[in-house]
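Undergrad: All chains should be built: construct the whole structure from the sequences, respecting the hints.
2 protein chains.
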Amino acid sequence: MTTATVRNPDVTRQRLLEAAFTEIYQHGYQGMRVDDVLKRTGLGKGAFYHHFTSKHALGCAVVDEIINGEMGQRWMDALGETEDPIPALEQVMDLIVESETGNDGVFLGCPLNNLAMEMSAQDVAFRQRIEELFSQWINLIARAFERGQQAGTVRNDIDAQEAGMFLVASFEGCVGLAKATQNMDNFIICRKQITHYLNSLRP
Amino acid sequence: MTTATVRNPDVTRQRLLEAAFTEIYQHGYQGMRVDDVLKRTGLGKGAFYHHFTSKHALGCAVVDEIINGEMGQRWMDALGETEDPIPALEQVMDLIVESETGNDGVFLGCPLNNLAMEMSAQDVAFRQRIEELFSQWINLIARAFERGQQAGTVRNDIDAQEAGMFLVASFEGCVGLAKATQNMDNFIICRKQITHYLNSLRP
DNA sequence: TTACAAACAGACTAGTTGGTCTGTTATCGA
DNA sequence: TCGATAACAGACCAACTAGTCTGTTTGTAA
Chain W
1 MTTATVRNPD
11 VTRQRLLEAA
21 FTEIYQHGYQ
31 GMRVDDVLKR
41 TGLGKGAFYH
51 HFTSKHALGC
61 AVVDEIINGE
71 MGQRWMDALG
81 ETEDPIPALE
91 QVMDLIVESE
101 TGNDGVFLGC
111 PLNNLAMEMS
121 AQDVAFRQRI
131 EELFSQWINL
141 IARAFERGQQ
151 AGTVRNDIDA
161 QEAGMFLVAS
171 FEGCVGLAKA
181 TQNMDNFIIC
191 RKQITHYLNS
201 LRP
Chain E
204 MTTATVRNPD
214 VTRQRLLEAA
224 FTEIYQHGYQ
234 GMRVDDVLKR
244 TGLGKGAFYH
254 HFTSKHALGC
264 AVVDEIINGE
274 MGQRWMDALG
284 ETEDPIPALE
294 QVMDLIVESE
304 TGNDGVFLGC
314 PLNNLAMEMS
324 AQDVAFRQRI
334 EELFSQWINL
344 IARAFERGQQ
354 AGTVRNDIDA
364 QEAGMFLVAS
374 FEGCVGLAKA
384 TQNMDNFIIC
394 RKQITHYLNS
404 LRP
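Chains as they are written, first to last, in the working numbering: chain W, 1 to 203; chain E, 204 to 406.
Bear in mind the hints are in silico, worked out from the structure with no lab data behind them.
Covered stretches of chain E (chain W as the covering partner; in silico rule of three or more C-beta atoms under 8 Å from a C-beta of chain W): (1) 223-232; (2) 298-311; (3) 318-327; (4) 333-344; (5) 369-379.
Covered stretches of chain W (chain E as the covering partner; in silico rule of three or more C-beta atoms under 8 Å from a C-beta of chain E): (6) 103-113; (7) 117-130; (8) 168-177.
From the derived model, a few chain W residues whose C-beta atoms are all more than 12 Å from chain E: (9) ASP10; (10) GLY42; (11) CYS60; (12) LEU140.
Note that the structure is a prediction, hence the values are computed from the model and not measured. Ideal placement from N, C-alpha and C gives every residue a C-beta, glycine not left out.
TA: Spelled out as structure tokens, the structure:
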């Protein structure tokens, strides 16, 4: 009598997505191998091509579901409906960077930015998804700034959208420099400058 | 009577390097194909493996010679021995971004940062080279700030090294966001904020 | 209970890719 | 002039890789 293997297609699909995310995070989309995703999950080719039409479709689904979900949740949680976004932003930036170090001690940076640098100039499907996530991210911060302006915690003479965009850009830049040098001290230094910038947004 | 083909090993090597740079710039190191480099140069496998031991060695040589050379020259030219680095920095940032758009209109971003995001967490040889280039770059700017401090064009109470590091990080962040969204307007917006930051370094 | 479709396993394939190996030609010092 | 060697060309190869195809098992609706 053999053990009856339980089937749960939704869980299987999710496992594939999460394994793919990890592989993409470590090796990039082009460096990600379908076989490695399968090894990580213990599944076979049949399962994979039952749930996804191609490697490309899997990559897109990772952006849509994993990266979007993770980022949306974190920044949404952090900013929420706060009327004093500046300390909230500082907190979430540190929190995120802490969690982006691989289990082997290698700092992998921001999954979204990694994929953006690799794929935005190469593949339209990726670019559109990445652009959408950046847009949502910036808007989330911009609206938080606007609430701060109404509550008097943020200067009224600054453009919330432009400030949000620069915050995202400079944050990604700092994370990227830390990844490039594999040195967290550099992130600390850069983050200090971001703090100066955020303080300059105070009334 | 057949035309005698002229041989010039130094030129051949340089052609391989430049073709490889273009391919890496467009597709990343992992996406770069040796065959495509050969097609671009019109050379054969023999020439390639005569001048380089492997694809990996070629990639390293591209960083050492092409990227290092190009970046060093531009920023050295721009900053030189100037005692007023702020306008010089603004000028070179705009100049560089203009030249980083591919001939098909796709904005490819910064070659060094692209490679850093792709390879720094994966390959030690690449990471060391990339780290060295970032270090040189930041030091060049930091020393320009120090000259500015002595000449009175830059505030004395700021840390030149930290300011240089943040400038590089935020610049790369802005370039990256423009690449991610394939929208130069976003770079303009972010660059304006960098201008604010630079002005805050004035005495 | 029993068709039947969904959910897989896994061998197989066709195309790709970095690298090798043999051979040929240009260059240059003696 | 003439070998010797550097500088190539290009066929070839082994490993890899995304994707296919056939077959098997599990869930499920009638």
